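Student: Chains S and D, in that order, are what the protein sequence lines are.
Heads up, the first sequence is in my numbering, so the first residue is 659 and it goes up one at a time.
Heads up, the second sequence is in my numbering, so the first residue is 467 and it goes up one at a time.
Some clues are possibly wrong.
To be verified - Facing chain S, from chain D, some residues (calculated, C-beta under 10 Å):
id	residue
1	A562
2	A571
3	M745
Source of the hints: derived by calculation from the structure; they are not laboratory data.
Note that the coordinates shown come from a computational prediction; the quantities given were computed from them, not determined experimentally.
Just so you know, even glycine gets a beta-carbon here, dropped at the ideal spot from N, CA and C.
Next come the chains, spelled out residue by residue.
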Amino acid sequence: MEIVFERRLEPSRLIAVLVPIISVVLALVVGGILLLAAGADPIQTYRAMFDGAFGTPYARSETMVKAIPLMLASLAVSIAFRMRFWNIGAEGQLVMGAIATAWVPLFLLHDRGIPAHTLLLLMGLAAFVAGALWGLIPASLKAFLRVNEIITTLMLNYVAILLLDYLYTGPWKDKEGYGFPGTASFKELAALPRLPEWLNAGRVHMGLIIALVAALLIWLLLLRTKWGYEIRVTGENPEAARYAGINLARNFLLVMVVSGGLAGLAGYGQVAGIAFRLQKGIAVGDGFTAIIIAWLAKLHPLGVLLVAILMAGLSTGGDQITITMGLPAAMARVVQGAILFFVLGGDIFVRYRLRVIRTTGKT
Amino acid sequence: MDLALLVSILTVTIQAGTSLVFATIGEILTERSGILNLGLEGIMIMGAVTAFAGAYHSGSLLVGLLIAVLVGLLLASIHAVLTITFRADQVVSGLALTLFGSGLASFLGQRLGPGGKPLVGEVGPKFTKTAVPLLSEIPYLGEALFKQDPMVYGMYLLVPLVAYYLYKTRPGLHLRAVGENPATADAMGIHVARTRYLYTLLGGVLIALGGAHLSLAYTPGWTENLTGGRGWIAIALVIFATWDPWRAVAGAILFGGVNAIQFRLQAAGTTLPAAFLGMLPYLFTIVVLVIITWWEAFRKRVGAPAALGIPYVREERG
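Could you build the full structure based on these sequences and the hints that come with them?
Tutor: Set out below in structure tokens:
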């Protein structure tokens, strides 16, 4: 007897929907086993996590705050992945965006008396450009010299993070900061406005609107323009794309301008909307979580928004159990990784079914 | 230049390069079978934390190594099942493994200390340097090459062994055939899936041992983010080495050398900020990768196994 995968005539839609749901449940079981091993009650812990993420208006607003950079970074990753350009460097591009955001009000246009809204616009522009330029390095290397982009995007993360640390602990450090490592605050000069008071949305800032607009634009771009079509064809079949006369090199560069720029905007939101300065806690791995989100959302720009909120919930919930139950926040990362494993394993059942074949004689 | 200084740089170079050699050779074996495993960083860091925890609680280095071997097997088998049996995307599966592994390592690091407390800052058993009789008497070189810890000697044995296995034995030939042309290998009667499983698992073991060298010898103990991207550097080294074990050593020495020089400069009180010295290995990786890619293209030769990253399904082969 032998069990084999047999290709379905039509991919199963039912299973395509079920896979992510079952995956989340199984991943929570894996996390539960880990919690049991750590001597914690899984049900109670998960309830505490859920309450910490969605239980109160405050929790919900904090989850949305966390979701903003995740949304932008995941959009960044997903458009690159659509073209099979493995941009693992969203973290670094986010960091470069954050640096540029702070650079504009603190140094470039300091004491010029520029109105806050103009300043905010210029900061956003600077962040986009900085992220895009950081993304263009691996894109050009790939486009012109065929250098493996996985390694280069990843290495540039480390370089960007070291640069950030250097700046706020070294030359950009606030002299009046009582030794606190960080730049001076530019909150008085330019701060991204929060959502209107009546929404009761706490610290949620206009970065959310940027993320929603970006998602819509990317969706239109991918599905309604010729260029979007080229990206999708290249991702699905690079050989066919080449024969069709699609300029791969140019598209790599363009895609990475958009991708790096979006990741840069994620950094912009974090700095102009939350921290108002460069300090510790800007590079917290959002660029990596974005990879999971993008893949779980099947690289769909609107799906990314939803998954980003769920992952943000897992993260704020994870912080909550760290505070109240003394459990490591890394729990959330383990569960995230496990979700991805199950989705990867489950995806085959969309196209294939299991079939038992009876074989005669010895097997 | 001062000879004593050179010897000390070479000594540190070898120490810094050992974990890279283990991981790179592991990945070479895996990739030679056609499976791309980007989970190196996750496996390495898990190897590091579990090896140290094992050695710490048992008081035995061997137990630590054994646990790292098991952990490497387990983590690599996740990747193997997902990519070989379930035909999942190898890039994404590897990334998931890295995220999962680094999250779990951080979790374990905060739990596996004495009485469920963090491991950070604990002092456990570590490999000490043992001089090889006679060989360590060789002027200068002996000092650098043969006054090292036992895992370094393990590496000295590993490299020629793997090179011989790969190029001179029948199973090595089968391994290369599976990575180059699985359909032909299949027709020759080689079990493609089984071969890929075997070398993905074996690769995982070596990668985890690379991590163990970090926590048991190079920088004994456990700190968050102990591997610091070495897993990724090893992936770049595989390309640098064009999937050849000997060249992997050359690459690891180069990178270990950059590490050693970085420490030297720091100790000598250079005016360069530490952050820029810290960037060196990463920038160096990019530069080397660019040069090697350009060079390979120039020679119109690709060193990568032809079937790398492509799932093999007998019924659907093209």
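Student: Compare the structure with each hint and give your call.
Tutor: Do the hints match the structure? See the list:
no.	hint	in the structure
1	A562	holds (4 Å)
2	A571	holds (8 Å)
3	M745	holds (5 Å)
Going down the numbered hints, you'll see the structure goes against none, and every one checks out.
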